[in-house]
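Student: Chain by chain, the residues:
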Amino acid sequence: MSPPQQPSSTNPNSLKIRLTHRFLHNLNNLNKKRSNLDNTQIHRRSHRVKLAAYASMARVVGSRRAWSRAILWKIRNRKVFTRNKRVDHKTTHHHHLARSIKRRTTNHSNHKREYVDPNGNSGQEVKLRKLVPGVETMDACGLLDETADYIKCLATQVEVMRNLVDLYSTI
Amino acid sequence: METDNSLETTSSILPNSSPNNFNLVKEEPIDSDSLHNSSPNLSDPIISKSTKRKEREKNVKSSAKKSKNVANETDGEELPYVHVRARRGQATDSHSLAERARREKINARMKLLQELVPGCNKISGTAMVLDEIINHVQSLQHQVEFLSMRLAAVHPNIDINLDNIFSAESGSLMECSFPAMVSPQPLSHQLWQPDGLTPQPLWGVEEMNPNFITPENSLLSYDSSGNSVSLYTNQLKMEL
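Which chain is which? The protein sequence lines are A and B, in order.
Numbering of the first sequence is given in my numbering, commencing with residue 9 and proceeding in unit increments.
Numbering of the second sequence is given in my numbering, commencing with residue 333 and proceeding in unit increments.
Pulled out of the complex, with its shape left as it was, chain B reads as follows (with noise of 0.2 Å):
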C-alpha cells in the first residue's frame, strides 16, 4: 500500500510491524481532521505507548503537511543555492538537476506574477497565465495611453509647480511661495479666475477640446487666498 510506503519513509522510528501501521493508517483521517498534533487520540483502545504518540505526531505534522506519496519535498528557495532533493523516480545527474532548479525558478516567479495580475489564480497551465499576463499589460498601457490623452485635455498650461507641496524635506508645505508660483501666463487662455467665486464654466476656451470633457466640469478656480488649492493638495494628498 502506499501509504505504508510514505509513513515508513518519514518515519523511520519503528520497526513495521503491522498492528503499529494499522493504527496509524486509522488514525490519520480523524487526526487530518483535527490538524492538531499536541493532543493526542486517546479514540484507540489500543495505543498506550508513548513512541506510538511519538509517531502520530509525526504523521499528523506530515499530513498536516499535505504531503503526496512523495518521500522528500523540494525546499530552499531562499538559500544562496538551491538544495533540490530528488524524488521518487527522478533522475539525478547534474543536467536534470540544473533544469529542475531552472524549472523550479521559473515556476516561483510565475507564482509571484500571478499574484499581481489580478484573476490569474484560478488559472492553471503556463499558457493561459502568460495570456493573462500579456492581456494585463497590454491593458495596462493602453489605460495609461487613454489617460493621457484625458490629462492633455484637461491640463493645457497649468503652471504650477506642485514639487513643493510633495517635497518631504520642506517642513510646512504651504508657506513656499504658492501665489507666485501660479504665475498668470497666457491670460486670454486662463482658466484661472483671480477673482473666481463662483466657478464658471470656461470651456468655450479654444483649445478645450468638448469632446473629451464634459460641460459641467467645474474649472480650477483660483481665488487668491490659496484656499481652493490648498483644497487641492489636500485632495490629493488623500487620493495618495
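Just chain A, same shape as in the assembly (with noise of 0.2 Å):
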C-alpha cells in the first residue's frame, strides 16, 4: 500500500529530527499520563505543552550544556513538588510552584544581582542570564556560548513546532 519509508541517516538537521522525535514523544506521554479531555482548559494544556517543548529540548542536549541541566533540573524539581503539593493541596495555581522553585534555584547557585562586566555591560548581562536557564555563576565567555548553543536549540525548536501546527492543521 503505502511506499517503504527510507531512513535517511545522512540527515544534516540531525539535531531537527531527533528533536522532532523527542517532543513527540514527550507530547504523547503528557496526553497519556493526564487525563487531558476536552474539559480540560486550554491554557493549562498549552502550560504542558510548553513544558513539553522545553523539556524535549534539554533532553536532546542532554548533561553537556548548562541550560540543559537547568532546565531538567527545574522540571524534575517540579514533578516532585507537585506531588508533595497534591497531598496538602493547599494550591493550584502553577504560579506559586514557580516561585517556590526561583526559591529553590536561588539558594542552589549564587545570585549576584549587581554583576558588572569589565566592559561595563551590566544592565544587559543581568537580563541575559535571566533568560538562559542555569547561568548564573558562569563567567562572560561562558555565558555567550552558553547564550549561542540556547538560540540554536531554540531556534531549532520552533521550526519543529511550527512545522507540527502547520501539519497538524492542514490535515
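None of these hints come from the bench; they were simulated from the model.
These numbers were taken from a predicted model, which means no experiment stands behind them.
It is possible that part of the hints are untrue.
To be verified - Here are the simulated lysine-lysine pairs, DSSO-like style, with alpha carbons at most 27 Å apart: (1) A:24 - B:443; (2) A:160 - B:437; (3) A:93 - A:24; (4) B:454 - B:443; (5) A:58 - B:443; (6) A:138 - B:443; (7) A:93 - B:437; (8) A:135 - B:437; (9) A:138 - B:454; (10) A:135 - A:58.
Said to hold, decoys possible - Computed Cβ-Cβ distance ranges for the label pairs, DEER-style: (11) A:170 - B:447: 47 to 57 Å; (12) A:91 - B:423: 30 to 40 Å; (13) A:49 - B:431: 21 to 31 Å; (14) A:87 - B:426: 42 to 52 Å; (15) B:423 - A:85: 13 to 23 Å; (16) B:420 - A:89: 53 to 63 Å; (17) A:160 - B:458: 18 to 28 Å.
What the hints assert, rightly or not - These stretches of chain B come out as covered by chain A in the derived footprint (C-beta under 8 Å, 3 or more residues): (18) 438–450; (19) 455–467; (20) 471–480.
For each residue, glycine too, the CB sits at the ideal point set by N, CA and C.
Take the two lone chains, each set in its own frame, and fit them into one complex as the hints suggest.
Tutor: Below, the structure is given as C-alpha cells:
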C-alpha cells in the first residue's frame, strides 16, 4: 500500500530530527499521563505543551550544557513539588510552584544581582542571565557560549513546533 | 611616514634605500587592486632585480591581508593556549596579556553570536549587539509559548505514536502496526472518522476553541487504509 519509507541516516539536520522525535514522544506521554480531555482548559494544556517542549529540548542536548541541566533540574523538582503539593491541596495554581522553584534555584546558585562586567555591560548581562537558564554563576565567556547554544536549540525547537502545527492543522 | 614603518617591519629583506621604498609605495595601490602576487607588475621601469620582486610579493601579501599599520596581528584562537603578540604601544605584562586574551575570546564568541542572530552583523558595538541578542532570545521564547498554545488547541487527544515512524533503526517504517496504534480513544471527542471520505469539519466539538483555529481547517481524517497517515508522515519528513 504505502511505499516503504527510507530512513535518511545522512541528514544534516540531525538535531531537528532528534528534537521532533523527542518532542512527539513527550507530547504523547503528556496526553497519556494526565486525563487531558476536553474539559481541561486550553491554557493549562498549552502550559504542559510548553513544558514538554522545553523538556524535550533539554533531553536532546543532555547534560552537556548548563542550560539543559538547569531545565532538567527544574522539571524534576517541579514534579517532586507537585507530588508533595497534591497531598496538601493548598494551592492549585502553578504560579505558586514557579515562585517556589525560583526560590529553590536561588538557594542553589550564587545569585549576584550587581554583576558588572569589565566591559561595562552590566544591565544587559543581568538580563541575559535571567533569560538563559542555568548561567547565573558563569563568567562572560561561558555565558556567551551558552547563549549561542541556547539560541540554536530554541530556533530549532520553534521550527519543529511550527512544522507540527502546520501539519496538524492542514490534514 | 607610516607606510615606510610598516614596510620596514613586515619585510626586512632590503635595507632602507629611499628609491626602493618610493617604488614600493608607488606599487602598493596597484598591487592591492589586482590582488595577485604571482604576476609581477612590469609597468615600473626601474625595477629589475629579483629581490625587489620578492619584496613586492611580500608587500602584496601584506596588503592583500589588509594589514593595518601594525607590526603583528594576534592569532592562534584555535591553539591550546593563545599566542598573543604585543601590538605597538601596548603593555606586555602578564595581567594585560591575560586580559587581552580573555577579551579576544569574548569577542570571538560575540562574533559567533552575531552570526546566529539575524540582522546582527551590521550592528557595531557590544551593547547594541547584546540588546539584539536579548531581544532575539525573548522573541524565541514567546514564539515557543505561542506555538505551544496553538499546538494545544490543535492536538487535543491524538494518540499517534509517531516514534516508530521516525526511528532510524527500524527498516520499513510503515509496516509497524500503525492502525493498531491509532487507538480510537474517547470516540465521542474523536476527530477521526474511520470511514472518512469527505473531511467534514468537526470543529463543533466542545474542546475546540474556535478562536484559535478557523473552521475551514480540515481535520485529521483517517481512512482505514492508512494512506492519509502515510501522506502525513511524508509531509512531516519533507518538512524536516
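Student: Can you let me know if the beta-carbon spacing of residue 160 of chain A and residue 458 of chain B is within 18 to 28 Å?
Tutor: Given a distance of about 21 Å, which is inside 18 to 28 Å, the answer is holds.
Student: Given the hinted pair residue 93 of chain A and residue 24 of chain A, is their alpha-carbon gap at most 27 Å?
Tutor: It is violated: about 36 Å lies between the C-alpha atoms, which goes past 27 Å.
Student: If you count the residues of the segment 455–467 of chain B with a beta-carbon closer than 8 Å to a beta-carbon of chain A, do you get 3 or more?
Tutor: Per the Cβ count (6), the hint holds.
Student: Sort out whether residue 443 of chain B lies within 27 Å of residue 24 of chain A, counting only the CA atoms.
Tutor: Given that 27 Å is the threshold and the Cα spacing comes to 24 Å, the pair holds.
Student: Using the Cβ atoms, figure out if residue 420 of chain B sits within 53 to 63 Å of residue 89 of chain A.
Tutor: Because 60 Å falls inside the window, the suggested range holds.
Student: Against chain A, does the segment 471–480 of chain B show at least 3 residues with beta-carbon separation below 8 Å?
Tutor: n = 7 at 8 Å, threshold three: holds.
Student: Between residue 423 of chain B and residue 85 of chain A, does the beta-carbon spacing fit 13 to 23 Å?
Tutor: violated (48 Å)
Student: Residue 87 of chain A and residue 426 of chain B, beta-carbon distance inside 42 to 52 Å?
Tutor: holds (49 Å)
Student: Look at the Cβ atoms of residue 91 of chain A and residue 423 of chain B and judge whether their distance stays inside 30 to 40 Å.
Tutor: Because 59 Å falls outside the window, the suggested range is violated.
Student: When you check the alpha-carbon spacing of residue 135 of chain A and residue 58 of chain A, does it fall within 27 Å?
Tutor: holds (22 Å)
Student: When you check the alpha-carbon spacing of residue 138 of chain A and residue 454 of chain B, does it fall within 27 Å?
Tutor: holds (26 Å)
Student: Check whether the Cα positions of residue 135 of chain A and residue 437 of chain B lie no farther apart than 27 Å.
Tutor: Measuring from Cα to Cα gives roughly 21 Å; hence the hint holds.
In summary, the structure is inconsistent with hints 3, 5, 7, 11, 12, 13 and 15 from the numbered list given earlier, while agreeing with the others.
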